[in-house]
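Residues per chain are reported as follows:
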Amino acid sequence: MEYAAFVAERWSSLVRAAVFLGAASHEAEDVAQATLLLCYRKWDRVRAADDREAYVYRMLLNVLRSDRRSAWWRHRSRHPVSEALPDAAVADAAEATALADAVHRAMLSLSKEQREVVVLRYFVQLSEAQTAAALGIRPGTVKSRLSRSLARLSVDQHLVDLDLTGGTT
Amino acid sequence: MTDLEDLWESYPTSEPPIPELLREGRRQARARRRHRVLRPLLAGVTAAALAGAFLVGTRAGTDADDDATLAAPDLRTSAFRADLHPATSCADLLSSYRARGRAAVTAYGWGFVSSAPLSARSFTIPARGNQSMGYLGDLSLNTQDSSRTGTNVQEVDVDEPDQVKTDGSRVVRVDRRTLSVYDTSGDTIRLTAQLTLPRMLNGEILLAGDTVVAIGADTRAPASGRSSVPPGSRVQTVSLADPSEPTIVSDVAYSAAITSVRQHGSVVRLVLTAAAPTLDFVYPHGKVTRSEALAHNRELVRSTTLSDWMPTYDDGDGPLPLLDCDDVATPPAGLALGTVSVVGFDAEAPNDRATIGVAGQTSIAYESADHLYLVDSPGWGGWGSCWCVPAAARTEGAAWRSTIFQLDLDGTRAIHVATGHVDGTIADRWSVDEADDVLRVAVTRDEALAAMPGTVARDRTRRVLPRSSSVVTMRADGDRLVESGRLDGLGVDETLTAARWTDDLAILSTARATDPLYTVDLSDPDRPRLLGALKIPGFTSYLHPIGDGLLLAVGEAGAFTGGGRAGAQVGLFDISDLTDVQQVDVSSLRRRTWPVAGADPRAFTWLRDRDTALTTFTTNRGTMVLGVYRVTGTTLTGELRNLPVTDPSRVRTFELADGRVVLMAGSTLEFLDL
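Protein sequences appear in the order of chains A and U. If you count by this note's numbering, then the first sequence holds residues 1 to 169, one letter each, in order. If you count by this note's numbering, then the second sequence holds residues 170 to 843, one letter each, in order.
Hint data in this document are derived by calculation from the structure and do not stem from the laboratory. It is possible that part of the hints are untrue.
Said to hold, decoys possible - Straight-line Cα separation of at most 20 Å, DMTMM-like style, residue types lysine to aspartate or glutamate; simulated pairs: (1) Lys704/U x Asp746/U; (2) Lys704/U x Asp657/U; (3) Lys456/U x Glu468/U; (4) Lys704/U x Asp662/U; (5) Lys112/A x Asp379/U; (6) Lys112/A x Asp411/U; (7) Lys112/A x Asp521/U; (8) Lys112/A x Asp101/A; (9) Lys112/A x Glu174/U; (10) Lys143/A x Glu128/A; (11) Lys112/A x Glu517/U; (12) Lys143/A x Glu113/A; (13) Lys112/A x Glu128/A; (14) Lys704/U x Asp648/U; (15) Lys112/A x Glu27/A; (16) Lys143/A x Asp521/U; (17) Lys704/U x Asp754/U; (18) Lys704/U x Asp690/U; (19) Lys704/U x Asp743/U; (20) Lys112/A x Asp657/U; (21) Lys143/A x Glu53/A.
Please read these numbers as outputs of a predicted model, since none were measured by experiment.
Same shape as in the complex, but just chain A (with noise of 0.2 Å):
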């Protein structure tokens, strides 16, 4: 099914996105899911989207931003389909912790746009088009975004001594 081999392709990058973009460690997975659920829900749309690329990074965005989000896990505290969802996302989170935190202070020097596109257009590797579709900005903007966005990276001290057991920098 279409739908089965959309999720398979996008779900690591989709996970990694949330945390890039802020996400708890024990979050990202849960706003994968819900970001996936509604192209689920809206899959005609996303199929007919002329770039689904963008489609669905915009679904990301909108739920880590909307407070659905919270209410989708009230939902899921409640009802016994969350103990559907495997637990073995949760195998190494400890790792998963220590990663997510090292990366939330290394993005700490961006702001919240600057992220958005870093993490879109560099490490999700979207095209500068899908990515100005995406955050629904110009794609003039994108660029010197990024390029900002990259520079302040580079010089950032934090970057030199990133500790990923999550210690001290």
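With the hints as your guide, set chain U onto chain A.
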């Protein structure tokens, strides 16, 4: 960057949970389509209801049989679909305004009815006059809670502005032009900071994290062109990041009046309405003949420019067009002249606006979790409605037809997806509700009013039918919103006074001398079915479900009978059997008292953990009382407390995260002893 790249590559992710996603997706799709029997609905389906709260709205288009879908949105092109077509150029747009204006203008200007723009009235949301529809939230949630900022709202997840907001501990309040921040951690409420909001009148606020968005009328509305009544509004964003020193981070003036403000998460959406410009019209008098006046007025319309019609915004650098010409659509025939703009922004990025416009006026905006509906409904001077739309500016045949635009919400953006029409008038936003992608509206048809002068209804020979109301359900079919079911004949010769919607149920109250409370089964949206009607004396203007199959109804004891001598009352209804609704208790106030909640639901607070409702009343002596209503089983115990204020809009109650209840009365905030 290598470190971050390593992190990206090494961040562990689980296997994609494909089967789980498919199962949950299908379950939710089923839940949205559910045709539940009614009785269990009230018994406790919280999980499904919460899923609904999260996912109400757009179609789950996975099952092929379920695919009566909307046109696929294209991310990069127009924000318009269906029969709304964006202008191809500014010249094109201007000629459309002029042509429609020329057709509408008369020897008396825009018509007999004042064309004072909406904004000439005060901004308070919604400008609904003395009485209005009450509303119910999602009954299947069992009980309707306030929004997370403590405001009694129409849709639980869609917040609405008010004078006071809380995040559970901190309280923010705007009073006239002063924004105050209070700390509630101690035994008393302590003022921690104050800030003046310059150039703003009648402000109300939204709270998104550390950001306050204040919305009000602009005291410095620029007198633009020939407009003699400059309609302006102002939106200011205040950062509370430093709690001792709130600072204004953004200040934007809009040259149009605000008809609706809603907040989804951190996204704020404004609907602004600008009326047709006020021109230097003449009318036939003295030596000026009718045809000379008409020719003069037409010439005025012909010489209008886009700046007469199109709203502007000003964030400090002077007024700029709010809308690009190709983001403005020409509406179908029938809409009053003017311009409605939909402006979306994130509270954290208030200058990053997404805007679209329609070159016509709509009077009602309703926002569900996924959609914005703009409704143009002919006003008929009934409760809360106004003659704000020049009747003559409507085209014949459309006078008693309402037009509904459905817009998809996507972050800060709104995209028009479908348009529909329904015969009759829609009173206000409480008459509109969406569940499972089905739009449900309560409409009133009134043939007698349709034949009144100034309304273009020509067929005077037609038999005049009494007024009656209907529940109409509509679905999007491609780019059209089409009627899928209806129930007619509710409240013949009576006025609709309150409506409340749940996924599967509508409760409508109509009134003349008695108050029939109708229950309508909507579990099959294509076949709304009348379940029951309870006739009790008086009428209801506000309805609130409190769980356990109970409903509180705020209203008046004798409607339209004693020349206002009747008193307010609060009734407790058992709705566990929808075919046999019973009033189980009632608590009456003395004569000549009136409930505030009917006009403004923000005057009602349900405290779930205390089984207590708080709501205010005005009296004929100009004083106000706070009613404290405790529900014990099927018994209602009322207690009245005098309030030291006279202005109903300056009294609010809300609950803090720790369960303490705050009373705002006039300029004071204090803990309420319950």
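Against the structure, the hints come out as follows:
1. Taking the CA atoms of Lys704/U and Asp746/U, the gap is about 16 Å. The hint holds against a cut of 20 Å.
2. Simply put, Lys704/U and Asp657/U have alpha-carbon atoms about 18 Å apart, close enough for the 20 Å limit, and the pair holds.
3. Between Lys456/U and Glu468/U the CA atoms are separated by roughly 19 Å; this keeps the pair inside 20 Å, and the hint holds.
4. The hinted pair formed by Lys704/U and Asp662/U meets the criterion: a straight-line CA distance of about 15 Å does not exceed 20 Å.
5. Distance check on the hinted pair: Lys112/A and Asp379/U sit about 15 Å apart at the alpha-carbon level, within 20 Å; holds.
6. For the hint linking Lys112/A to Asp411/U, the alpha-carbon distance of about 19 Å falls within 20 Å, and the restraint holds.
7. A C-alpha spacing of about 13 Å is found between Lys112/A and Asp521/U, which places the hinted pair at or below 20 Å, so the restraint holds.
8. Distance hint between Lys112/A and Asp101/A is fulfilled; the C-alpha atoms sit about 17 Å from each other, no more than 20 Å.
9. Pair hint Lys112/A plus Glu174/U holds up; C-alpha atoms about 19 Å apart against a cutoff of 20 Å.
10. Using a Cα cut-off of 20 Å, the hinted pair Lys143/A and Glu128/A holds, with the two alpha carbons roughly 7 Å apart.
11. For the proposed pair Lys112/A and Glu517/U, the alpha carbon gap of about 9 Å is at most 20 Å, so the pair holds.
12. For the proposed pair Lys143/A and Glu113/A, the alpha carbon gap of about 12 Å is at most 20 Å, so the pair holds.
13. Annotation: proposed proximity of Lys112/A to Glu128/A holds, straight-line Cα distance about 18 Å (limit 20 Å).
14. Distance restraint check for Lys704/U and Asp648/U: the Cα-Cα separation of roughly 41 Å exceeds the 20 Å cut-off, and the hinted pair is therefore not satisfied.
15. For a cut-off of 20 Å, the pair hint linking Lys112/A to Glu27/A stands: about 18 Å separates their Cα positions.
16. The suggested pairing of Lys143/A with Asp521/U holds, with an alpha-carbon distance near 17 Å, which does not exceed 20 Å.
17. Under the criterion of a C-alpha separation no larger than 20 Å, the hint pairing Lys704/U with Asp754/U is consistent with the structure, at around 15 Å.
18. In summary, the hint linking Lys704/U to Asp690/U is supported, as the alpha carbons are separated by about 18 Å, within the 20 Å threshold.
19. At most 20 Å may separate the alpha-carbon atoms for a hinted pair to count; Lys704/U and Asp743/U meet this at roughly 14 Å.
20. Simply put, Lys112/A and Asp657/U have alpha-carbon atoms about 52 Å apart, too far for the 20 Å limit, and the pair is violated.
21. At roughly 18 Å between alpha-carbon atoms, Lys143/A and Glu53/A fall within 20 Å of each other, so this suggested pair holds.
The structure shown violates the earlier hints numbered 14 and 20.
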